[in-house]
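Please work from the sequences and hints to get the whole structure.
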Amino acid sequence: MIELDVRRVSMSFGGLQALNGVSFSILGNELIGLIGPNGAGKTTLTNVLDGVYKPTGGEVWLNGQRIDGLPPYEIARCGFGRTFQVTRAFRRMTVLKNMLVPAMALHPMARQRDFHDKAMEVLEFLTMEHLVNDYARSLSGGQQKLLELGRLLMLDPDIIILDEPFAGVHPRLMGKIYEYIRVVHEQGKAFIIISHDMDSIFTLSKRLLVLNFGELIADGDPNEVKQDPAVIEAYLGEEEEEEGPVVIPPGRLVAAGETEEESDA
Amino acid sequence: MDGTFQLALRLIADGLVMGFIYALMAIGLTLIFSVLGLVNFAHGEFYMIGGYVAWFLVTKFINMPPLLAVPLAGLATFIIGAVFDYLLLQPMHKGEIERPQEYAILITFGWAFILQYLTLAIVGPWPQKTPRYFDLPTLDLGTLKLTGAMMKAGFIPISATRLTAALISVILLVILVYFMNYTWTGKALRAVSEDKQAAATVGINPRRMSTLAFGLGTMLAGMAGAALVPAFAWVPQVGVPATTKTFVIMVLGGMGSMPGAMIGGLIIGVVEALGAGLIPDAIRAYAYRDAYGLIIFALVLLLRPTGLFGRKS
Amino acid sequence: MKRSLLQWLIIAVGAVVMLGVPFALGNKPYWLHVAIVAYFYAILASSWALLAGYAGQFSFGHMAFMAVAAYTSGILGRDLGMTPVQSIIIGTLTSAVVGFVIGVLCLRLRSTYLALFTLAFSEILRLALNSELDLTGGPNGLTLELLVDTTSRVPYYYIMLGLLIVSLAFMYWLANSSFGLFFHAIREDEEAAAAMGVNIVRYKIMAFVVTSLIAGLAGAVEAHYIGFITPNILIIAQMSIVVAMAIIGGVESLLGAAIGAIFVQFMLELLREIPMPASIMPTLAQMEGTLEAFGLSVGEHGILTNAWRLVVFGFVLILTLRFYQNGLLYPIIDRLSRRPVLAETVAKRIQATEVES
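Chains as they are written, first to last, in my numbering: chain A, 1 to 265; chain B, 1 to 313; chain C, 1 to 357.
Everything labelled a hint here was simulated from the structure, so no lab data went into it. A hint or two may mislead.
Rough simulated footprint, nothing fancy, chain B against chain C, three-plus residues with beta-carbon under 8 Å [claimed, not checked]:
hint, segment
1, 116-128
2, 226-238
3, 242-256
4, 297-308
5, 315-322
With beta-carbon atoms standing in for the labels, derived distance ranges [said to hold, decoys possible]:
hint, chain 1, residue 1, chain 2, residue 2, range
6, B, T4, C, E132, 20 to 30 Å
7, C, G138, B, D195, 43 to 53 Å
8, C, R108, A, G21, 21 to 31 Å
9, C, R78, B, P280, 25 to 35 Å
Residues of chain C clear of chain B, computed beta-carbon distances all greater than 12 Å [what the hints assert, rightly or not]:
hint, residue
10, A24
11, P29
12, G81
13, M82
14, Q86
15, V97
16, G141
17, T143
18, E145
19, S152
20, P155
21, Y158
22, I205
23, E273
24, A285
25, L329
Where a beta carbon is used, it is the ideal one built from N, C-alpha and C, also for glycine.
Laid out in C-alpha cells, this is it:
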C-alpha cells in the first residue's frame, strides 16, 4: 500500500515564503489533481517532494521512510517519479537510451540488454516503437512528452507527479495521455497531476488539492472543492455569493466521475 | 609597530592604486557578463593588446601626445571585440549554435589563444618598455611632493606611471558611470542586462546591444592595458594573469554587479599588496602574489558564489 | 554486420601502421619523438573528452592532474630513491586522489563556474610549483630518472602507444557501459538525470577520478621519458592546446579526440618549416630582416613559421568550433558507431505479435 505523508511542509527562499505548512496524505493508488493560481507553489511543492529543494520546515514520509532532504536520485529510487513543466528528454541520446537511463540507474549491475524488452513494451503502448533508435531531439514536441512519460515507467515509481502534462498538447495527443494515466493508475500507481486545464483535472481526478500563496486551502472531492468559497476567491479574487453551479474558468462544467468522451479531433 | 604601520599604509596605497585599474578591467568583464550572459575568457588578452597598441603608438609616433594612446588603444580593442562578437558570438542568438553555454566558454578560450599567439608572432617575445606618459610637474607642498617620476604624500611614495594609470582609470570610471546612468545607450544596455525580452519590446535591439556591450567591455580592458603599459615590461603573456585576476574580482564582487566589480577590484588590489608586503618570507610572498586573489576566488566560488553584491544572471 | 566489419578493418589497418612506424622512422629519431609526444597528447585529449564531452564537466584543470603525477613521481624518485615504475604508480594514484578532491569541490559548480574554478586551481598549482624552489626546483623544473635506460626512442614509442591503446580501450569500455549512459545523461540534463535516479554525485566524482588517473599516468610516464618537468606545462596555452585537439577531433568522441591530437601534433611539426625551392633560398636569406618583422625567420630549407603555426592552429580551432561544433571527424565516427542494437529485439517482437494474431 502506497503511503505518502506530507507533514506541515514549508519552503522559504530568502524572504519569500513559497510554501507554508502544507499537509496532506496519500494512501494507495489515488488520482489527485493539484491546482492553484500561478505562483501558488505547485512546482515548488513538487520540487520539495522530489528532493530538488530541502524543505525549510516539516517532513515528508514515503512508505514509512523519511525522504525530505534526500537528493533527487535517492527519492527517485524510493519510488517517486516526476515530469517537468518543460519537456526534458535527453535530446542527444536515442529514445532507447533515454528509456534505459532510469532502468539502469535502478539496477546498475544489470546489462542494458535486459531492459530492451520492457522498453519496447512501453514504447509500443505509446505507439512510438518505430522511433526507438531516433535521437530524442528529432522527435516532435508531443512525442517528446510521451517519451518523458514512457521514461517514467522505466523507473517503476509508486507515485508519479505530472507537472502540466497537457500544456500546449495537440488534442490528438491528449487522448493518449489520458489513456496513459488511466492504464498506469489501474496498475496501482498514484498520480498527482498539476494542471491549469480544468477539463482534464475534473475528468481524471478523484480528489483535488488546491494551493494558494503556498498554503493548502482545499483538499477533497472535486465537486465540493469547486464550490469552496476560499477556492473561488483564490481564482477570481473576490467572493461569489451565488448558489448553484459555479464556473471555474476557463473550463466547461464537468462533474467528476462522469467519463468524458475523449475526442480524437 | 610604527614601522609596520607605515609599511601597511604604503602597501594599502599601492594596492588602491592598482585596485582602480583592476576595477576598470573587472567592470568591463562584468558589463559583458551582465549583457551577454557569458564570461569572456579572452579579457586579459584585450588588456594585453591595448598595452601593445599604446606602446606602438607612443614609440613610433613620437610627436603624438602620449595620453592619446589610451583612447586610441581603446578604439582598437573595441573594434576587435565588436568584430569578434559579431562574427562568433552573435550566431548563438540566432540559434545556429548547439550547446551555447559550452560554446561561449570554448570560443572565448580559443580567441584568447589566437590573440596571444598572433601577438607573439607579430611583436615577438621580448619585453617591451614604454616611456612614461608625462612627467609630473615639480611641486613641493609640504607633505605632498611631486617630482618628475614620483609623488610623495607624506611617507607614501607612488610612482608617476602608476599614479597616471590610476587617474586614467578613475576618470574612465566616472565617464562610465555617467554613460550607464544618464545616456540613452547606457540605460538601454542596463535594460538589456536586466531583461532581454522586455528590452526588446520597448524597441531596444538586444543583438546590437550585445555587440556594443562586448566592444565596450573589451575597450575598457584595452584602455586598462594602455594605462598600465608604461609601468611594466610588456610581453604577450601578460594577458593571462590579468584574465584570472579579473575573474577573481568579478566573482568576489558578485557576477553581474558593476559596483561589486569596482569594490572587488579595490579589495583585491589591497589584499595583493598587503599579502606580498607583510608576509615575512618576502621572496615567497611576492611569488605567491597572484595566488592570494586566486585563493579568495576559489573560496568565494565554493562558499558564496553570488559574491558580495551579485545576483544570478 | 557490414558496419562493424568496416570498423574492425580500420582499426586493424591503423594498428599495423602504428606498430610498424618505428621501423619506417628508425633513422629519424626526431619524428619518433614527435609520435611519442603525439600519443601523449592523444591520451590527454581523449581523457579530457571523456570528462568534458561525455560527462559534461568542462574542466580546465586537466594539465594540473598531469603535473601532480609527474612532480610527485619526480620528487619521490629524488628524495626517496624510488624506481621510476614505483614512483609513477604512486604519482598516478596521487593525481587520482587530487582528482577526487577537485571532483567533490566541483559538485555544485555549473559550467562557467566549473571552468573558472578549475582554471584557478591550475594557476595556483603553477604558482606553487614555481615558488617552492626547494621542493620542485622552481621555474627550472625537476629532473627525473629515465624510465628505460637507453638512448633509443623506440621502447618509449611502444610504451606510449601501449598506454594510448590501453587507456582508449578502458575509456571505451567505460563509455559503452552504464557509466557512459549516466555520463551522457548528466551532460544532457543533470536535473532530469537525477530525477531519473542517476546518482549524479557518484558519477561526476568518478568522471574526475578516472580521467585524472589516466592523465596522471600519461603525464608521469611522459616526464620520465623527457627527463624533466617544469611548471610551464601548466600554462594556460598548454591546456588550450589539449582542449583544441579534442575539439578539432571531436569532443564527444574519444577516438576522435585521440586522432585529432595526433593529427594536430604532426601538423604543428610539419608546419614548423615551410620548405622552399633551393633556388629561392638566397633571396630569402637577404630578406631576413623583413621576414623577421613579421615574426618569421629563415631556416635551412625554407621559412620558419615560429609562432605563426600556432596562430593557424588557433584559427582552425575557431573555425571548427563555429562550424563543426562536434568535431571534424564527427560525421564519420557517428556513422560508424550508431548501432541499432534493437534489431534482434524488434524482430522477436514482430514474430511474437505475428504468432498471436
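Verification of the hints:
1. Counting residues of the segment 116-128 of chain C whose C-beta sits closer than 8 Å to any C-beta of chain B gives 9, which meets the bar of three, so the coverage hint holds.
2. With a threshold of 8 Å between beta carbons, the proposed coverage of the segment 226-238 of chain C by chain B holds, since 3 of its residues qualify and at least three are required.
3. Figure legend: the segment 242-256 of chain C, annotated as covered by chain B; annotation consistent (3 residues with Cβ-Cβ distances under 8 Å, at least 3 required).
4. With 3 residues having a Cβ less than 8 Å from any Cβ of chain B, the segment 297-308 of chain C passes the three-residue criterion, so the hint holds.
5. Counting residues of the segment 315-322 of chain C whose beta carbon lies closer than 8 Å to any beta carbon of chain B gives 5, which reaches the threshold of three, so the coverage claim holds.
6. One distance hint, 20 to 30 Å for the beta-carbon pair T4 of chain B and E132 of chain C, holds here, with the actual separation near 26 Å.
7. At roughly 51 Å, the beta carbons of G138 of chain C and D195 of chain B sit within the given window of 43 to 53 Å.
8. Range check, R108 of chain C to G21 of chain A: Cβ separation about 29 Å, and the 21 to 31 Å hint holds.
9. Checked against the hint of 25 to 35 Å, the pair R78 of chain C and P280 of chain B passes, with Cβ atoms roughly 28 Å apart.
10. For A24 of chain C, the condition that its CB be more than 12 Å from all CB atoms of chain B holds, with the nearest at approximately 32 Å.
11. Every CB of chain B lies more than 12 Å from the CB of P29 of chain C, the least distance being 28 Å, so the non-interface label holds.
12. Every C-beta of chain B lies more than 12 Å from that of G81 of chain C, the closest at about 28 Å, which supports listing it as non-interface.
13. Every Cβ of chain B is farther than 12 Å from the Cβ of M82 of chain C; the closest lies at roughly 28 Å, confirming the non-interface assignment.
14. Listed as a non-interface residue, Q86 of chain C keeps its Cβ farther than 12 Å from every Cβ of chain B; the least gap is roughly 31 Å.
15. The Cβ of V97 of chain C lies farther than 12 Å from every Cβ of chain B, with a closest approach of about 18 Å, so its non-interface assignment holds.
16. At roughly 16 Å, the least C-beta separation between G141 of chain C and chain B is larger than 12 Å, which holds for a residue marked as non-interface.
17. For T143 of chain C, the condition that its CB be more than 12 Å from all CB atoms of chain B holds, with the nearest at approximately 21 Å.
18. The Cβ of E145 of chain C sits about 28 Å from the closest Cβ of chain B, beyond the 12 Å cut-off, so the non-interface label holds.
19. Listed as outside the interface, S152 of chain C is consistent with that label: its C-beta sits roughly 34 Å from the nearest C-beta of chain B, beyond the 12 Å cut-off.
20. Chain B leaves P155 of chain C outside its interface by the beta-carbon criterion, the shortest separation being 34 Å against a cut-off of 12 Å.
21. Under the 12 Å C-beta cut-off, the non-interface status given to Y158 of chain C relative to chain B holds; the minimum distance is some 32 Å.
22. With a least beta-carbon separation of about 15 Å from chain B, I205 of chain C lies farther than 12 Å from that chain, consistent with its non-interface assignment.
23. The non-interface label for E273 of chain C is consistent with chain B: the shortest C-beta to C-beta separation is roughly 15 Å, beyond 12 Å.
24. The Cβ of A285 of chain C lies farther than 12 Å from every Cβ of chain B, with a closest approach of about 20 Å, so its non-interface assignment holds.
25. At the 12 Å boundary, the C-beta of L329 of chain C stays outside the reach of chain B, the nearest C-beta of that chain being 17 Å off.
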